[in-house]
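A.B. asks: Sequence:
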Amino acid sequence: MASARRPNPHYKRWVLEPRQTIGALLGLSRRGIYILEFANGDRYVGQTVDFASRFTTHVHGSAHHAPWADIIAVCFWAIPSGDLDAAERSEIKRVAAQGFTLRNKAGNLGHGQPAPLDEVVTVEEQKHWATGAPNYERKGFPERIAAGAAINSSAARTADQAPPRRTKRSSRQGSRRTRTRASTSGARFDAFFRKPAHRKGVWEGAREAILDDLSFLLTEVIPNAVETEKTFWVLTEMPSTAGGRFACLSTGVLELAFFPRTLLPFFRDEETSDDNWDGDLTVHLNFPPKSLQQSPWFSDDPNEHVDLESREGIVFLGTEDGSIPFAITRFDYALTSTDSLALPIGYVRDFIGSQPYLLTTLRKFAISLMRQNPSGMFRRWHSDALVTEVMRHEPEGPILPNHA
1 MASARRPNPH YKRWVLEPRQ TIGALLGLSR RGIYILEFAN GDRYVGQTVD
51 FASRFTTHVH GSAHHAPWAD IIAVCFWAIP SGDLDAAERS EIKRVAAQGF
101 TLRNKAGNLG HGQPAPLDEV VTVEEQKHWA TGAPNYERKG FPERIAAGAA
151 INSSAARTAD QAPPRRTKRS SRQGSRRTRT RASTSGARFD AFFRKPAHRK
201 GVWEGAREAI LDDLSFLLTE VIPNAVETEK TFWVLTEMPS TAGGRFACLS
251 TGVLELAFFP RTLLPFFRDE ETSDDNWDGD LTVHLNFPPK SLQQSPWFSD
301 DPNEHVDLES REGIVFLGTE DGSIPFAITR FDYALTSTDS LALPIGYVRD
351 FIGSQPYLLT TLRKFAISLM RQNPSGMFRR WHSDALVTEV MRHEPEGPIL
401 PNHA
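Here the UniProt record's numbering is used: position 370 in the sequence shown is 370, and no number is missing along the way.
If you're looking for bench data, these hints aren't it; they were derived computationally from the structure. Careful, some of the hints might be misleading.
Below, simulated DSS-like cross-link-like pairs (lysine-lysine); rule was C-alpha separation at most 30 Å, straight line [said to hold, decoys possible]: (1) Lys105 with Lys12; (2) Lys364 with Lys93; (3) Lys290 with Lys12; (4) Lys127 with Lys12.
Across the chosen pairs, the derived CB separations fall in these ranges [as the list claims (entries may be wrong)]: (5) Thr262 with Asn135: 29 to 37 Å; (6) Ala86 with Phe316: 35 to 43 Å; (7) Asp332 with Pro67: 35 to 43 Å; (8) Gly132 with Phe192: 29 to 37 Å.
Even for Gly, the Cβ is constructed at its ideal location relative to N, Cα and C.
All chains should be modelled from the sequences, with the hints used to inform the complete structure.
C.D. replies: Structure, rendered in structure tokens:
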């Protein structure tokens, strides 16, 4: 016999008997937001236009998940009309904030549900990688370099590589132009640095510095880069995003690292008298929200945290003993907010590689993003040529550009 109580003013709640259906409990109001409660304490939040039908799907399983036979209670908030998307997102955040483990995938970054990535990098390998092992040691790089393009089977099945359907002549011509642009991918990055003006001053050594930063990320942050390329991470070259970037490394559908083309005046020392200094070329690394601003990583006092609620960056200048300057800012994306670490280009290997907390946190975030979503639409802008250059790059000690 089902019992009912109201844990929230919006909801009706019923405790269920094994194999019980819920149609008779709901009456005519079946559109709204629901919460499933499981025997192990997990929760699932969803939206539906017919909760009775959706509940049956959850019990018997679908393409999205295996059968859930351990549902012990349900909560339902009837919303006869209006926006269900906003209500669902709000409820997912609310239930997660209460400390429950959610079985949701969408809107639940860091979920522990089965994901396509698990078929390429096992869950056990993901856990080991996040804590510092295994070390893939450029596994598969020689074969990938020789091929000049992604060689894993999942990348070969991407939608943008599917055989084109018959179309009008004008569409075929458009496709041919697209293929031409793709075939020259990688040329723009090198062409920029072949210009004499981009070989001196702040630009001197910049190409090698960017390649070194990206090399570190592909070998030390992305798990099994060759097998996950283009499906779970993509590298774009010279995108026009936000004033232009040299490159952007995205995991899933969120950028993990990007290199602005504009000079940013983050690290000017007040004592610097060089009037010709316009700023530094920087790399920005995205970390989980509050992982830097509420971390004792940069302080001996765990009570000293960085407050980024104002969205203003906090800058830490380098010191005479050779410490590397850095800045922490906050970015807000549709998927999540991030703490972003900005460094002068060429310093990622020294800065991240020497601080275990930063390396493991960045690895965990990369895995969470790769588990959340495949690379989707970003695949069509993936630069095979730039990846080849990055994988070919083998640093011999620090590669550092001129830095004011």
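A.B. asks: Give me the numbers of the hints this structure contradicts, sorted from smallest to largest.
C.D. replies: Violated hints (numbers, rising): 3 and 4; every other hint is consistent with the structure.
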